[in-house]
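**Q** The chain contents come next:
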Amino acid sequence: MTPETRRSLGIALALYAAAVLQFNFADTISLFGARPDFLTATVILGAIFGDANGGAAVGFFAGLLYASVVSPPHAGFGSLIVSRTLIGTGIGWLESRLFRDNGLIAVGLVALGTALANALFFLLAPQPNISHWLRAALSTVLYNTVIAFPLYLLMRRLVGKYREEASH
Amino acid sequence: MQSDRKPRTGKYGAVLIFLLLGTLAGAWHNRAKDRGRQDIVAGVTREVVAPPAGVLAGISRWFGAQTGWLLRGPSDAAENRRLRERVAELEGQNAALQESQTKYVLMRDDLGFVRAEPKSMIAGDVIARRPDSSLDTIVISRGSRAGIHPHSIVRTRSGLVGQVSEVTPDTASVVLITNEAEGVGAMVQRGSSRAVGLCKGDFTRLIPLIDLPGDADVKVGDLVVTSGLGGVYPPGIAIGKVASIRPEEGSLSKAVRVRPLVDFDRLEAVYVLP
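Residue numbers (this note's numbering), protein chains in the order written: chain A, 1 to 168; chain B, 169 to 442.
Be a bit skeptical, because a hint or two may be false.
Computed footprint of chain A on chain B; a stretch qualifies when at least three of its residues, placed anywhere within it, have a C-beta under 8 Å from a C-beta of chain A [unchecked claim]:
| no. | segment |
| --- | --- |
| 1 | 222-234 |
| 2 | 332-341 |
| 3 | 399-411 |
| 4 | 414-422 |
What follows is a list of derived Cβ distance ranges for each label pair [stated by the list, open to error]:
| no. | chain 1 | residue 1 | chain 2 | residue 2 | range |
| --- | --- | --- | --- | --- | --- |
| 5 | B | Gly-389 | A | Leu-134 | 29 to 39 Å |
| 6 | A | Leu-134 | B | Val-388 | 56 to 66 Å |
| 7 | B | Leu-258 | A | Leu-153 | 46 to 56 Å |
| 8 | A | Leu-123 | B | Arg-203 | 20 to 30 Å |
| 9 | A | Tyr-16 | B | Val-388 | 42 to 52 Å |
| 10 | B | Gln-261 | A | Tyr-16 | 35 to 45 Å |
| 11 | A | Val-146 | B | Arg-373 | 22 to 32 Å |
| 12 | A | Leu-123 | B | Gly-204 | 46 to 56 Å |
| 13 | B | Gln-234 | A | Leu-154 | 24 to 34 Å |
| 14 | A | Leu-31 | B | Lys-179 | 34 to 44 Å |
| 15 | B | Val-400 | A | Pro-3 | 47 to 57 Å |
| 16 | B | Pro-220 | A | Leu-154 | 14 to 24 Å |
| 17 | B | Ala-423 | A | Tyr-16 | 42 to 52 Å |
Since the hints were derived computationally from the structure, they do not count as laboratory data. From the three backbone atoms N, C-alpha and C, an ideal C-beta is built for every residue, glycine too.
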């Protein structure tokens, strides 16, 4: 099995685990109403170890999983997928030009990426209650920022080494 | 001179394909939903995640039941005492109500009313509780295979939970009554009041009871039940109790808020009226 394939499998496994965590524990571990968004965090961290096309693929599947799990009652299913795909693309594109894998940068990217994913979702599918959406989005950004570093370490362990092997 | 750079469309071909697929998946989903059909793509995706999520939810419930007393010991003992007293009180009330119900049914039969047989309910476990901060939805472990369909009503023993929005063969997504998308025809269940309004969620823990007449007789502590108006929710399902009443500025009406009887933070099992 090539390092590229192993890296793809690692990211797929991470996405699946993130979806199950989102399904089961997002509400249980909520703090003051804030819930994490494991899938968006995984898209961003997965894209760090890839490129624009890889980021788009991770974002697409994460968006599909997220939309299927949360099942928005209004329109928003496609907007969730497209917003995550764009975020994955953007982070992958930036990574191949500007960034190297670094814990602090990863935390910053998760915060920024989660905020942008929510903003893009809102632009594509405007929500009726703006203040509620804004509170929820900001609290998710904060939560994701807190969990970003441990998730980054896990992701680095899971797929980082294959990336180094593939680049040699 | 030949360039070794890939053309832009080729370089970002996968990006364009995934964006197109995302847009198509959204359009397909909305179309299926509008027609009251299951979205196969979303259904298959959720069915892939649901089994381990269901197992984890079961383990988590078992673990909570086994170890929860460690944290809640003294408060559980006090609550048990209070609940035993309450059960004794309610048993007395229940006997009186059953007697009244029997008389009521006999009188309706005498008057020639058609008797509506109660529908059987489908029990389901909650396998995902509000997975997103901005959407008050849950996912349960029963779906179309069990006879559940979009708009089926979901409740617990204590009261109304919400309405099914989407189904897959083995799961169903439920919009809670606290969600802004939900409006439930409601009525104050007090003999001298019977004021009718609409419980319209706003994502907060206290649901606003709106559209009440200006002179509506409502008191804090009144039980609010479904009115059956609108034809979506059957009448008589408990929603909650009136928690606060404030005069509305610039209007003769009152701002009434209802505290749901269902504790949405601890929802583990529900019943579905197919």
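**Q** Work down the list of hints and note, for each, if the structure agrees.
**A** Each hint tested on the structure:
With 3 residues having a beta carbon nearer than 8 Å to a beta carbon of chain A, the segment 222-234 of chain B meets the requirement of three or more and the stated coverage holds. Interface restraint, the segment 332-341 of chain B with chain A: holds (3 residues with C-beta to C-beta distance below 8 Å; minimum three). Beta-carbon proximity to chain A at under 8 Å applies to 0 residues in the segment 399-411 of chain B; the threshold of 3 is not reached and the given coverage is violated. Chain A is given as covering the segment 414-422 of chain B, and this is violated because 0 residues of the stretch bring a CB closer than 8 Å to a CB of that chain, at least three being needed.
The hinted range of 29 to 39 Å is satisfied by Gly-389/B and Leu-134/A, whose Cβ atoms lie roughly 34 Å apart. With their beta carbons about 31 Å apart, Leu-134/A and Val-388/B fall outside the hinted range of 56 to 66 Å. A beta carbon spacing of about 53 Å between Leu-258/B and Leu-153/A agrees with the range 46 to 56 Å that was offered as a hint. For the hinted restraint 20 to 30 Å between Leu-123/A and Arg-203/B, the CB-CB distance of approximately 27 Å keeps it satisfied.
Our hint of 42 to 52 Å for Tyr-16/A and Val-388/B holds, since their Cβ atoms are close to 48 Å apart. Between Gln-261/B and Tyr-16/A the beta carbons are some 50 Å apart, a value that contradicts the proposed interval 35 to 45 Å. Under the hint 22 to 32 Å, the C-beta atoms of Val-146/A and Arg-373/B, about 24 Å apart, fit the expected range. At roughly 29 Å, the beta carbons of Leu-123/A and Gly-204/B sit outside the given window of 46 to 56 Å.
At roughly 28 Å, the beta-carbon separation of Gln-234/B and Leu-154/A lies within the given 24 to 34 Å, and the hint holds. Take Leu-31/A and Lys-179/B: their Cβ atoms lie about 42 Å apart, and the range 34 to 44 Å holds. The given range of 47 to 57 Å is respected by Val-400/B and Pro-3/A, whose C-beta atoms sit roughly 55 Å from each other. Distance hint for Pro-220/B and Leu-154/A: a CB-CB separation of about 18 Å, consistent with the stated range 14 to 24 Å.
Restraint check, Ala-423/B to Tyr-16/A: a C-beta distance of roughly 46 Å satisfies the suggested window 42 to 52 Å.
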